[in-house]
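**Student:** Given only the sequences and the hints, what does the whole structure look like? Please build it.
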Amino acid sequence: MAALRSLGSGPRLRSARAALAAVLVSTAAPALAQTVAITGGRVVLGDGTAPIDGGTVVIANGRVVAAGRGVTVPAGATVVDAQGRWVTPGIVAGFSRMGLVEVDAVNPTNDVSAANSPFSAAIDVAPAINPENASIAVNRAAGVTRAIVAPGASRSIFAGQGALIDLGADMQPVTRRRLFQFVEFGEEGATQAGGSRPSAHVLLRNALREAGELRVPISSGGARAGGQPVPPEDVEENPSVITGNTRRDDVLLTRFDAAALVPVVQGRQFLLIHVERAADILQALALKREFPRLRLILVGATEGWRVAREIAAAGVPVIANALNDLPASFEQLAATQSNIGRMRQAGVQVGIGMINDDEARQVRVETQYAGNLVAITRVPGHTGLSWDEAFAAITARPAEAFGLGGEIGSLRPGRRGDVVIWSGDPLELSSNVEAVWIDGVRQPLENRQTRLRDRYRRPQEGDLPHAYDPRD
Amino acid sequence: MRVLSTDPRLRFAAVASLTAAALIGCASGRTEAQSAAAPPPAAKAAPPRYTPPADPYPSTYRPYPSTPTAITGATIFDGEGARIENGTLVMVDGRIQAIGGPDTPIPEGATRIDGSGRWVTPGIIDDHSHLGDYPSPGVEAHSDGNEATNPVRPEVWAEHSVWPQDPGFTRALANGGVTTLQILPGSANLFGGRSVVVRNVPARTVQAMRFPGAPRGLKMACGENPKRVYGARNTMPQTRMGNVAVMRATWQRAVEYRERRARDPNTPRDLQMDTLVEVLEGRMLVHNHCYRADEMAIMLDMAREFGFRIASFHHAVEAYKIADLLRDSGTCASMWADWWGFKMESYDAINENIPMVHAAGACAIVHSDDPNGIQRLNQEAAKALADGRRMGIRISDEEAWRWLSLNPARALGIENETGSLRVGKRADVVLWNGNPYSVYTRPQQVWIDGALLYDMNNPRLRPVTDFELGQPGEGDVK
Numbered sequence: 120m121a122a123l124r125s126l127g128s129g130p131r132l133r134s135a136r137a138a139l140a141a142v143l144v145s146t147a148a149p150a151l152a153q154t155v156a157i158t159g160g161r162v163v164l165g166d167g168t169a170p171i172d173g174g175t176v177v178i179a180n181g182r183v184v185a186a187g188r189g190v191t192v193p194a195g196a197t198v199v200d201a202q203g204r205w206v207t208p209g210i211v212a213g214f215s216r217m218g219l220v221e222v223d224a225v226n227p228t229n230d231v232s233a234a235n236s237p238f239s240a241a242i243d244v245a246p247a248i249n250p251e252n253a254s255i256a257v258n259r260a261a262g263v264t265r266a267i268v269a270p271g272a273s274r275s276i277f278a279g280q281g282a283l284i285d286l287g288a289d290m291q292p293v294t295r296r297r298l299f300q301f302v303e304f305g306e307e308g309a310t311q312a313g314g315s316r317p318s319a320h321v322l323l324r325n326a327l328r329e330a331g332e333l334r335v336p337i338s339s340g341g342a343r344a345g346g347q348p349v350p351p352e353d354v355e356e357n358p359s360v361i362t363g364n365t366r367r368d369d370v371l372l373t374r375f376d377a378a379a380l381v382p383v384v385q386g387r388q389f390l391l392i393h394v395e396r397a398a399d400i401l402q403a404l405a406l407k408r409e410f411p412r413l414r415l416i417l418v419g420a421t422e423g424w425r426v427a428r429e430i431a432a433a434g435v436p437v438i439a440n441a442l443n444d445l446p447a448s449f450e451q452l453a454a455t456q457s458n459i460g461r462m463r464q465a466g467v468q469v470g471i472g473m474i475n476d477d478e479a480r481q482v483r484v485e486t487q488y489a490g491n492l493v494a495i496t497r498v499p500g501h502t503g504l505s506w507d508e509a510f511a512a513i514t515a516r517p518a519e520a521f522g523l524g525g526e527i528g529s530l531r532p533g534r535r536g537d538v539v540i541w542s543g544d545p546l547e548l549s550s551n552v553e554a555v556w557i558d559g560v561r562q563p564l565e566n567r568q569t570r571l572r573d574r575y576r577r578p579q580e581g582d583l584p585h586a587y588d589p590r591d
Numbered sequence: 097m098r099v100l101s102t103d104p105r106l107r108f109a110a111v112a113s114l115t116a117a118a119l120i121g122c123a124s125g126r127t128e129a130q131s132a133a134a135p136p137p138a139a140k141a142a143p144p145r146y147t148p149p150a151d152p153y154p155s156t157y158r159p160y161p162s163t164p165t166a167i168t169g170a171t172i173f174d175g176e177g178a179r180i181e182n183g184t185l186v187m188v189d190g191r192i193q194a195i196g197g198p199d200t201p202i203p204e205g206a207t208r209i210d211g212s213g214r215w216v217t218p219g220i221i222d223d224h225s226h227l228g229d230y231p232s233p234g235v236e237a238h239s240d241g242n243e244a245t246n247p248v249r250p251e252v253w254a255e256h257s258v259w260p261q262d263p264g265f266t267r268a269l270a271n272g273g274v275t276t277l278q279i280l281p282g283s284a285n286l287f288g289g290r291s292v293v294v295r296n297v298p299a300r301t302v303q304a305m306r307f308p309g310a311p312r313g314l315k316m317a318c319g320e321n322p323k324r325v326y327g328a329r330n331t332m333p334q335t336r337m338g339n340v341a342v343m344r345a346t347w348q349r350a351v352e353y354r355e356r357r358a359r360d361p362n363t364p365r366d367l368q369m370d371t372l373v374e375v376l377e378g379r380m381l382v383h384n385h386c387y388r389a390d391e392m393a394i395m396l397d398m399a400r401e402f403g404f405r406i407a408s409f410h411h412a413v414e415a416y417k418i419a420d421l422l423r424d425s426g427t428c429a430s431m432w433a434d435w436w437g438f439k440m441e442s443y444d445a446i447n448e449n450i451p452m453v454h455a456a457g458a459c460a461i462v463h464s465d466d467p468n469g470i471q472r473l474n475q476e477a478a479k480a481l482a483d484g485r486r487m488g489i490r491i492s493d494e495e496a497w498r499w500l501s502l503n504p505a506r507a508l509g510i511e512n513e514t515g516s517l518r519v520g521k522r523a524d525v526v527l528w529n530g531n532p533y534s535v536y537t538r539p540q541q542v543w544i545d546g547a548l549l550y551d552m553n554n555p556r557l558r559p560v561t562d563f564e565l566g567q568p569g570e571g572d573v574k
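As given, the protein sequences belong to chains A and B, one line each in that order. Under this note's numbering, residues 120 to 591 are what the first sequence spells out, in order. Under this note's numbering, residues 97 to 574 are what the second sequence spells out, in order.
Check each hint, because a few of them may be wrong.
Under 7 Å between C-beta atoms, here's a sample of chain A residues computed to sit facing chain B [what the hints assert, rightly or not]:
1) Asp-223
2) Asp-444
3) Ala-453
4) Thr-455
5) Ser-457
6) Arg-480
7) Val-498
8) Ser-505
9) Leu-546
10) Asn-551
11) Tyr-575
12) Pro-578
It is worth saying that the hints were derived from the structure and are not from the lab. C-beta: ideal position from N, C-alpha, C; glycine also.
**Tutor:** The structure is reproduced here in structure tokens:
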């Protein structure tokens, strides 16, 4: 009953249902979402507002009902005492490869990119997400509840379509599939485009042209009655792939790839652009003037601070690496840990993500990264983030960047019931995660790593080898 | 997998054979120059003899000027496990002159620094870095860490690849409080070459960084990397047993070479064997990249078989499984706090590795292997400490500082010079603007040999490398 053990060190359950709840948590199958009231803790809403001491968070039917002071505990709710503890929304990883990789260097377990695939933009990560990846459980135990998952590019600047996933212990990991198209636009884009940035620019424009020429009528799968755009994940299959429209001869993209870009051209799907260099950022922003319906998000943006006003003016959100401070490449010469703080100060909507930074396994360090952005506020010359804003940078801000602020990333009423109880300040290195709910379901925190730890508390064998150690 | 090839831990894959050829050419050039400079034959009867200098690339490092300085009112971790509240630390002539409570005498005229609310620790020592031999920017022309042309390359020296203008050194100083580091060759080879221990001071030459008197190390590597690099070329080693066989054959050659040289001083000099003989004679320490518990145990036996000592197993993610063996052999484990899963041999890493090794009585070290990680080794220790405490391992903050300075100093053979704030040692000191185990803390000032080389309040004490001059972001906070 390792799950019980972790409960024992965490918040004390105190209703008549406590024992039952604990049993449910310890079983492998996810429990149904219950009505839970977490009381007495320091509540962080996650949207950049200040923590609320002695607050209550109520989740029911998988959603947040209320969070704050003076919240009534509904009758029959399971009450979790969180006095002396912090209660927050789960961490939202703003860029990751979570669920796509078991062991990076073991190719059959690595679904990030497909060097020999004939397809690019059409690739959709959703079917590859494995909720039983060790990394899902490891990061869940560290308080990460949702992740933006992007494919990796190979043989094209277009990597394919990414998803929002949850890190729950169940077999339905995908929250939103085909949420965005991911494109490489800097040094990597140049490489994928055959060797130069100009080539990447032409390829991008040509791809958008080919998508436009598919002439998919929006009504045939692009809009709901009333004119509301339908998110691409709700469209079963793009009709342009199915119908027999003939295409011109001078096309580069496969029909599937061109069709996948139709929602991008129509502004129904985000275009997430990886770009680092200041000059490249300006070129990415310029795309909006050419293709006004594009819904751009930048990721990386190591030199974003140098063109922060332009990014802010364009209203394009940014998912940035938090602590890049080395000229790791010639497109990151101006790297500084003040990047996010300076962009934010200039009015850019910016959250933290991890691109090319162990993002298949280590998104759990985002709390540490956010804490470091608070640390630099005490170093003269640096621009960091306030604590409240730093926490929002790993919860509400990435959610908002992807248009999901109403769904995840905060404890405002109506958001999904992704809640974490921490032993202390969640950004501090000494704090532990004590309990996690995803969609209102209490989650197990046990994983391979905790099992190995427990097996080797005493390294020497006993009367039998470790392989026979009792498993409870 | 392109994403992988940019991963620093797998950088061996990016080695260019062009670079290798250039290095070989350079090395033979040096040998010729030395031969030409050798003294002429003295006696008629004696055959021509060349006696190589004991240290052909000697350190030219000199401590920078310092003023007598006293930090008062600080919480001090002395690095040996002691903690002093309201403590005073006095640095004079580049050395620790006194450490103690508020009544510690302060020399007249000393610069006084109010350390109240702040922490003082020994400078951090990273015993596993590739700064300079895989510098920033990480372009192919800078890929100088792996001479992956043969699995046995003990003749190469990491210091001959180090680019002192790597901006990474300055970040490790200003953000990380790192005052000493070991730069190692990569792990493509079973015998990767000699390591070098350097002071973290900006310099024109690597010799001006070399830690005077610090022994060089020999980098060895177990496991996946060598067998993958050479196995892929259908050459030995292709398997873990092949790794061990080639290692043993090489050590056997070294043993025989040593005996032959003892019998006949005119035995032709072998630069590969020279390195290994230094190890066999105890003048050079082995630093062994080795992830898995079972492989570490085999390496310990190999060390006994041939009579050498392994100072530390690096990236020892499974050290917790054999912490008792490490304790009994006196071998350290250099570890990350939480890296895992990037390759098969790192799959069983756990967050509690470091405290579990420490709790078993073995020597635990926090290392980076990374130009970013080296900036936050104090934070890595803090995470490990917290994870250990959660499983019930009680280690005090001051005791855990050993992982960051004294234990790596021991593994590098420099513990008499640095690694703790003992009187007489080099004044390698960090004043932190808070508890160094807090994520909200940064180095306020860093001294190396008593010379103030970083001060967060003084932009003039913010080092800027040649590479950064005239570039966007020059002189910025980093």
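**Student:** Find the hints from earlier in the document that the structure breaks and name them by number, from lowest to highest.
**Tutor:** Per hint list: single violation, 8.
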